[in-house]
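**Q** First to last, the protein sequences are chains A and B.
Our numbering puts the last residue of the first sequence at 252; the count rises by one with no breaks.
Our numbering puts the last residue of the second sequence at 615; the count rises by one with no breaks.
If you are wondering where the hints come from, they were derived from the structure by calculation, not from laboratory data.
Where is the CB? At the ideal position from N, CA and C, for every residue including glycine.
Don't take every hint at face value.
To be verified - Below 30 Å or equal to it, Euclidean Cα-Cα: the simulated BS3-like pairs (lysine-lysine) are: (1) B/Lys-612 - A/Lys-127; (2) A/Lys-130 - A/Lys-106; (3) B/Lys-612 - A/Lys-70; (4) B/Lys-612 - A/Lys-106.
What the hints assert, rightly or not - Calculated Cβ distances over 10 Å to all of chain B for the following chain A residues: (5) Gly-30; (6) Leu-221; (7) Ala-235.
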Amino acid sequence: MAAIVSVRDLTKHYGQLKAVDGVSFDVAQGEVFALLGPNGAGKTTTVEILEGLRHADSGTAVVAGIDVTKDPSGVKERIGVQLQSSAFPENFLAREIVELFALFYKRKVDAMALLRAVGLEDKAKQKSEKLSGGQRQRLSIAVAMVNEPQVLFLDEPTTGLDPQARRNLWELIRDIRKRGTTVFLTTHYLDEAEVLCDRVAIMDSGRIIAQDTPRALIESLLARGFSKPMLQQQANLEDVFLDVTGHALREE
Amino acid sequence: MAQIVGYTAKLLRAYTRDWVALFFGFFFPLIFMSLFGILNFGSFGHVAMGIVDNANNADSQAFRAGLAKIATLQVTSGSSEDELAALQKGDRDIVLVMPADFRIAPARPGSAVPTLTVYENQGRGEQVAVGSAILTQVIDQMSFGVTQTAPVVATKREAVQGRNLKYVDFLTPGIVGMTIMQLGIAGVMFTFVVDRQRGVIRRIMATPLSRRNYMAAHVLERLILAILQVLILVAVAVFAFKVNIVGSLPLVLLITLLGSGMFLCFGFAVSAFVTTENQAPAIMQLVTLPQMFLSGVFFSRDAVPAFLKPVSDALPLTFLNDALRQVSTAGAGILDIRADLIGIVVWAAITFFIAFRFFKLET
Chain A
1 MAAIVSVRDL TKHYGQLKAV DGVSFDVAQG EVFALLGPNG AGKTTTVEIL
51 EGLRHADSGT AVVAGIDVTK DPSGVKERIG VQLQSSAFPE NFLAREIVEL
101 FALFYKRKVD AMALLRAVGL EDKAKQKSEK LSGGQRQRLS IAVAMVNEPQ
151 VLFLDEPTTG LDPQARRNLW ELIRDIRKRG TTVFLTTHYL DEAEVLCDRV
201 AIMDSGRIIA QDTPRALIES LLARGFSKPM LQQQANLEDV FLDVTGHALR
251 EE
Chain B
253 MAQIVGYTAK LLRAYTRDWV ALFFGFFFPL IFMSLFGILN FGSFGHVAMG
303 IVDNANNADS QAFRAGLAKI ATLQVTSGSS EDELAALQKG DRDIVLVMPA
353 DFRIAPARPG SAVPTLTVYE NQGRGEQVAV GSAILTQVID QMSFGVTQTA
403 PVVATKREAV QGRNLKYVDF LTPGIVGMTI MQLGIAGVMF TFVVDRQRGV
453 IRRIMATPLS RRNYMAAHVL ERLILAILQV LILVAVAVFA FKVNIVGSLP
503 LVLLITLLGS GMFLCFGFAV SAFVTTENQA PAIMQLVTLP QMFLSGVFFS
553 RDAVPAFLKP VSDALPLTFL NDALRQVSTA GAGILDIRAD LIGIVVWAAI
603 TFFIAFRFFK LET
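Given these sequences and hints, build the entire structure.
**A** So, in structure tokens, the structure goes:
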């Protein structure tokens, strides 16, 4: 499979701090790829360089055929983004937010179709700031799709969501992948990475310290003789939670 | 270009849903104007004149009747003791004592003319000045009438303005100026500081939209809002309060655009140093309150204490208010207000430079 994101020896310093310290990895076209790591590992900085929002100090990063270290704004045409701790302008209806962002790409879109794809059809006439956390994340994915991107970047998309909303978003991400869009996400939830991702890279202190499929990473850990006390349990607390509260998405 | 216009249109649409902004931008100035207009709070246009008529003959009565016809004057008559007591209490601005030998007749060579004694309330300098000026004019006109000589100087136009200037006439351009200031500074500060802090701008800048188009749409939105606001204020002033706009409305709108541009630059310059939402209201008060009181919004700048005069003279709103007021109340043309326009342009240039140097869309 061809690589749609190709990163080589990427570095970025903030003063003395090496936020990104010689990072290299590839993301294949059509896969769901996750960059994992503790807070401050350099995930967001790496992603923001790939999104053309920050300049790298050195190295190359080719995203959808564009070298973002040379043409950071050119890449914006070809990708969709969902940023951490960002918001939409106030007093716009959900539908208008989609149309507004389409205008930023100088495109005409069927806003209702995009909202329908993320299950927000009936919220089209609601102000975006009045939506619940999960709905807002889905709106931001609809907005990220207005330019039919080749790669969709999602920075911690499920942080702060309840289990129902989280599962709902996983479904949405799988749908997007089925339609052929490559998904690049960061997350703190390893169960999420395990069920959702084709491949993951683990980052710490600005370096990639492991990358492979979740299965292969687990196998290699076990092959090194790792074992933990076996607790034969057929269900966990989340299964209980979802069993008693149901899978249906909640209105907040 | 289509992108800028489209974005501006969407911003305006969203603005109509923002009740807080609508209240402060549109209704607040109207409330201000209505309140001050109805209370006639400044009572600027009225000069309380007491007349003590010691002659009480046909001539003195004619003279009094002439004064009573002038709208600016609130004429009362009474005994010398009563009127002077009222003056001391502050109920009169000016008291006129007519001598027993008062008459309107050509002066004969060598004989003295009747002398009017004028007592002035020193605390009300402006009203005294207006009252004296009117009095002088009336006497001059009477003299011309008696001596049958044509006036050597035409003073008619001055007299018309002096008589018709009501407080709302004075107030309206001040409110217009204040509104332009509020829309410019508050609009920029609250929109950009809040959007910057919430990550709205960061999200928008992750699209191919250029910074230039982003700024252009927001500035265009503010200019359109300013023009709309001024048109509404002027319409209410003219139809509800019978305000007389003497000068040209297009010139008022031109000044509005210039003033708006100046205060937008001013807003961006100040916003460059405001990092959080919580600082915005405090900084806003800090930069707008002094201008509301020192730039002649509600009261004439003559009331500003001498030591603050240089500050008052240099404030951006002073130039804007003076320009608007001269056009609105005195019918000034563009050349008459060139000093004010230069002041506005200089302020715009200074604040534009500061904004250009220090204002950041992202933190």
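**Q** Against this structure, judge whether each hint is valid.
**A** Tested hints:
1. B/Lys-612 - A/Lys-127: 28 Å, holds
2. A/Lys-130 - A/Lys-106: 27 Å, holds
3. B/Lys-612 - A/Lys-70: Holds, at roughly 23 Å.
4. B/Lys-612 - A/Lys-106: Given pair B/Lys-612, A/Lys-106 holds - Cα atoms ~25 Å apart, limit 30 Å.
5. Gly-30: The claim stands: A/Gly-30 keeps its Cβ more than 10 Å from every Cβ of chain B (closest is about 23 Å).
6. Leu-221: 36 Å, holds
7. Ala-235: 39 Å, holds
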